[in-house]
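Top line first, the protein sequences correspond to chains A and B. No gaps in the numbering here: position 210 of the first sequence is 210 in the UniProt record's numbering, and each next residue is one more. No gaps in the numbering here: position 268 of the second sequence is 268 in the UniProt record's numbering, and each next residue is one more.
Rather than coming from a laboratory, the hints here were simulated on the basis of the structure. Hints should not be assumed to be uniformly reliable.
Listed next, the in silico DSBU-like pairs over lysine-lysine satisfying Cα-Cα at most 30 Å (straight line) [said to hold, decoys possible]: (1) A:Lys71 - A:Lys227; (2) B:Lys129 - B:Lys119; (3) A:Lys227 - B:Lys468; (4) A:Lys283 - B:Lys420; (5) A:Lys263 - A:Lys280; (6) A:Lys227 - B:Lys465.
All values derive from a computational prediction rather than experimental measurement.
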Amino acid sequence: MALPPPPPQFVLRGTQSAVNSLHFSCRSQAQSPPLLFSGSLSGLVHVWNLHTRRVDATLDGHGGQSVYWVKTLGDQRLLLSQGRDLKLCLWDLAEGRRAPVDSLSLDSVGFCQGSVLRGGAQECWLLAVPGRGTEEVQVLDMPSKTSVCTLKPEAGAKAGMPMCLELWQPASSSHPLLLAGYEDGSVILWNVSERRMLSRLSCHKEPVMSLDFDSRKAKGVSGSSEKALCVWGLDEQQNLKVCRTQELTNPGIADVVIRPDGKILATAGWDHRIRLFGWKQLKPLAVLDYHSAAVHCVAFSDPGQPREQLLAGGSKDQRISVWSVYNQS
Amino acid sequence: MDSELSQVRHTMQEALQTLSSSSDGVQISEALRSVKHYLNGLQNIVPPREREECSKIHFSTFLQCLVNKLSPDWLELLPAGQLEELWDSFFLESPADQAFLVLMESIIVTAGPSFRLMKMSQVLTKFLKRGRLVELMWEICQQQVPRGSSLLQETLLSKVVCLPDHLGNQMKEHCPSLFFPQNYFPLLGEEMIQVLQKISDSLRGSDCSISFLSQILAKVCIHGRQKEILGVLVPRLTELTQADCIWQRLSWRLMECVPDRGMEAVVSGLLQEAPGAKVLSQLLGNLVMKNKKAQFVVTRKCLLMQYRYPTEMLQNLLGYLALDSHRRTLLLQVLKDLLETWGSRSAIKHSPVEQQLYISKSSSSILFFFCLAFISELLTTMMGGVQCHIESSLPQVRHLGMIVAETISSRIHSEGPKLKFQYEENTWTRELLSLVNVKPADPGPPASGDDEFVPYDMTRDKELKNTKAPVYIRDCLEALTSSEDVERWEVTLQVLESLIQRNPAATREVSTELAKVLLHLEEKTSMEGFEMLRRRALVAVTIIDPVQYLTSQFYAMNYSLRQRMDILDVLILAAQELSSPKSLEKAKIPGPVEAGIQLSPAPLSPSLSRVPSEDWRRIVEERIKNKTRRFAKVEPGSYMEKSANEPNKLNSVVGYFFFPLIQRFDRPLVTFDLLGEDSLVLGRLVHTVGILMYFAINTTAAVPMGKALLEFVWALRFHTDAYVRQGLLYAISSILLSVPAERLLEDMTEELLETRSWLAAVAENDPDEDCRKLAMQALLLMEKLKDKLQIGSS
Chain A
1 MALPPPPPQF
11 VLRGTQSAVN
21 SLHFSCRSQA
31 QSPPLLFSGS
41 LSGLVHVWNL
51 HTRRVDATLD
61 GHGGQSVYWV
71 KTLGDQRLLL
81 SQGRDLKLCL
91 WDLAEGRRAP
101 VDSLSLDSVG
111 FCQGSVLRGG
121 AQECWLLAVP
131 GRGTEEVQVL
141 DMPSKTSVCT
151 LKPEAGAKAG
161 MPMCLELWQP
171 ASSSHPLLLA
181 GYEDGSVILW
191 NVSERRMLSR
201 LSCHKEPVMS
211 LDFDSRKAKG
221 VSGSSEKALC
231 VWGLDEQQNL
241 KVCRTQELTN
251 PGIADVVIRP
261 DGKILATAGW
271 DHRIRLFGWK
281 QLKPLAVLDY
291 HSAAVHCVAF
301 SDPGQPREQL
311 LAGGSKDQRI
321 SVWSVYNQS
Chain B
1 MDSELSQVRH
11 TMQEALQTLS
21 SSSDGVQISE
31 ALRSVKHYLN
41 GLQNIVPPRE
51 REECSKIHFS
61 TFLQCLVNKL
71 SPDWLELLPA
81 GQLEELWDSF
91 FLESPADQAF
101 LVLMESIIVT
111 AGPSFRLMKM
121 SQVLTKFLKR
131 GRLVELMWEI
141 CQQQVPRGSS
151 LLQETLLSKV
161 VCLPDHLGNQ
171 MKEHCPSLFF
181 PQNYFPLLGE
191 EMIQVLQKIS
201 DSLRGSDCSI
211 SFLSQILAKV
221 CIHGRQKEIL
231 GVLVPRLTEL
241 TQADCIWQRL
251 SWRLMECVPD
261 RGMEAVVSGL
271 LQEAPGAKVL
281 SQLLGNLVMK
291 NKKAQFVVTR
301 KCLLMQYRYP
311 TEMLQNLLGY
321 LALDSHRRTL
331 LLQVLKDLLE
341 TWGSRSAIKH
351 SPVEQQLYIS
361 KSSSSILFFF
371 CLAFISELLT
381 TMMGGVQCHI
391 ESSLPQVRHL
401 GMIVAETISS
411 RIHSEGPKLK
421 FQYEENTWTR
431 ELLSLVNVKP
441 ADPGPPASGD
451 DEFVPYDMTR
461 DKELKNTKAP
471 VYIRDCLEAL
481 TSSEDVERWE
491 VTLQVLESLI
501 QRNPAATREV
511 STELAKVLLH
521 LEEKTSMEGF
531 EMLRRRALVA
541 VTIIDPVQYL
551 TSQFYAMNYS
561 LRQRMDILDV
571 LILAAQELSS
581 PKSLEKAKIP
591 GPVEAGIQLS
601 PAPLSPSLSR
611 VPSEDWRRIV
621 EERIKNKTRR
631 FAKVEPGSYM
641 EKSANEPNKL
651 NSVVGYFFFP
661 LIQRFDRPLV
671 TFDLLGEDSL
681 VLGRLVHTVG
691 ILMYFAINTT
701 AAVPMGKALL
711 EFVWALRFHT
721 DAYVRQGLLY
731 AISSILLSVP
741 AERLLEDMTE
751 ELLETRSWLA
761 AVAENDPDED
771 CRKLAMQALL
781 LMEKLKDKLQ
791 IGSS
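I would like the entire structure built from these sequences, with the hints used as guidance.
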């Protein structure tokens, strides 16, 4: 008889609105506690101290419009947040500052989260965001905000809006690649520097809600509003191929995340549940049933001490559940 | 010729005289040597006729005389043990049968531990160690005319086989270990093999008979030493018969010559010792076709009349029958007989469950020896049997029927959908299933990369329903009766129990109606846990509002048996809730609480509210699972102590539970005849009233209830259904536990005495093992009661 799934290690309450995005930042400098950033529907970004389990700071930079992406850059000080006010804010939180230091106007009104990729130089990074045109993805060089390229499927492709983006760089080359999930359910692999589409895979019938990619195994996973997860791989000719699909009990995946160590996959479900799978074979491992409304996002903490590795889920029920599972080995 | 014989006679007489009268060592030794002249050692000098004369007529007298002379003084007549050596040689070199007989008879008549007895046992040890038994048996096998010597043979036979008994009786604790049965019989086995070897060597030349060996074998087996002797014989014979057809014939002949009265012992011993059907076939040949007795033992006695053999043996036996085409006709008959017995209603009713398991095992193993076409012929017989089994009120018997039915159906339609019954796994079903599914062990675990993680339980991962659950009891009523929306119906059922518990007042207004709806509710969709949810809701209603409706419906018209049994289950669960309201204690509700209202704390958060409900479900599941037997199996004493001081909320209402149930059991309805064929429900009813009686401990109603229940039990005590009897015995135990001892002895003395004699009879004679156990338990309780009263009065 299998054990019943564990309860959450703790629950963070107090965002007072649905939680849209979560991001851990645990690779702490000396003395500073591990943090969890959450972006909420009310337009606030909360900075949670995981030691005290309280809000350290509340950042209000999107004029009450929903924040749907938060992400730190490198360390705990620099934070990106993307909101429905068509702005992408950069925060420098050092020394207790609470105001955005920079912001970027976006042209897309969709829900597509951005993606960043650290460049070779220290202060230089690439940012992919949905672009001006409906089907476009814009790649920018930051912090100079100069546009590197605009990626648009050819005229007859009918891919629809981009829904999720993932910038990455294969170990073998210096050319950054971009994986984008589109409204028509396809995933497209772009070569950013050559502005060229490398491969297109129609793996869902509904819009791709989220994707994540494991560059070490050249394998990724995507979820849509359907009842299935799709795992696809990238072969040597840079072609995307479906490896397998995993049926789910209930339809609707809002977010998929592979743990940084490449062993566990977590999904945020519209059915209020967080599901865990083994990443190698997609063996179902656990169904974490705590939330009372759809789960919008899941996040794993950075790989620190295995025992301290956490999983967090943010839900429409305004709670963030934090779990300590499969981190004993 | 005659003169030569008379010379022999003369020599012998002379020697005898010298022996009996002389005390001169030299003279004696000379006389002995002259006799020895005629012994085997010097056969080249003495003509065979004389030797024969000597050994046949005179020798045993002479040996007898030797034995009589035996004493320490006599042996010392010559120095250096010469005389002793000479004495020994007469027994070790003379004809084996005579020497053996004289030795054995002298041992039997010699009293107590003495020099003579010790000496003779030493000689006998040497005798055995030199393998003289081989000679003895070989000689008898060679004799062509057994008629004249049959008395001698008979005597020898019994002496050879009973040697350990005689020696043990005479020598008591001084008995040498060689004569212990565990050592002697293997030795005997070895020697038999040697004799067989001689027989096989001489088969081409002279003629000889094997029947003496068969007789020995039979007698040893009858004496219950199958394990010792066959433990040696079977492996040796297996080895020898492997490739040699003469040896095979020998072995077959050996078994064929076994006299009828020893046949059963020999065959059953062989069945136990033989490692497989093939070996059996090698050793027995077509014995079952030639020997009526063997046939009877194999085909009827081992299979239908006894049920003591383990499963492997059973398979060996059937395999043996199947191995040869002649025997297969017999196997066919066996199959028919087995199935007839298996499907016989009367056999199911009257034979012990263990025997039924045995027969089921045999019949499902035997099916594998037949082709499909033939099975369809027998299908009707078998299906009738399946029906009889499933009708039974004992769960084990039902399981047997289900498993055999599955086997049959899978044999007939090896492809396509399989018949699948629902039954709990236990040692029985597993054993039977393992018989049926002889499959290779499943391959090792698939090489999976995710093995380092152990999955958690995911059984609760169900599809999410979006329908809003009703919030008011009356809405539930409406949803359950009229709603076409299946999802709403299911959700309603899921929340109903907690709604009832939270709103006792509202429930009371519609309780009868609600109970009626729930009782008649049928499973519209294949909803998981439907039965459980419905039952729990009914229990919740029953706890809040007394039970007249349910108890009145138990004897009403137009209910299915299922519904009636549901009523009983609900009554039990409700009574249990009322009698030990643990949830009330946990909630710690201040002030007076109305009887049986269970208030659960308002859910603080989803996780907190789930924990108690989970707990609850587990408990209820466990209760339902163990509903009828649980209390009877626990030490009765511990119960008394545990529940003695709790207030019993059942006090005010237990009469409503109990009395209506036992009022009308003897009045049959058109569709419902408790004393007739609906004995399953009667059994449940009896168990239910027993459990109610148990819960009524410490209530004022316990005494009248006990009295009524005793009468009720008395009326039904000779019921043919074991399940009903089990319930009655259980009810007796709960009366003894729940009714105060003084009241029992003062108000119901006569009934108790009558019950006691009935219990004693059941404990001794009932065919059902559980019944016997329960009766023993009740008797024990009575004894305890008596002891307690005695302590109290003194």
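Cross-check of the supplied hints:
Taken as a hint, the A:Lys71 and A:Lys227 pair is honoured in the structure, with Cα atoms around 28 Å apart against an allowance of 30 Å. As the CA atoms of B:Lys129 and B:Lys119 are separated by approximately 15 Å, the hinted pair is consistent with the 30 Å bound. This hinted pair checks out: A:Lys227 and B:Lys468 have alpha carbons roughly 22 Å apart, not beyond 30 Å. Distance hint between A:Lys283 and B:Lys420 is fulfilled; the C-alpha atoms sit about 29 Å from each other, no more than 30 Å.
Distance restraint check for A:Lys263 and A:Lys280: the Cα-Cα separation of roughly 7 Å lies within the 30 Å cut-off, and the hinted pair is therefore satisfied. Straight-line distance between C-alpha atoms of A:Lys227 and B:Lys465 comes to about 15 Å, which keeps the hinted pair within the 30 Å bound.
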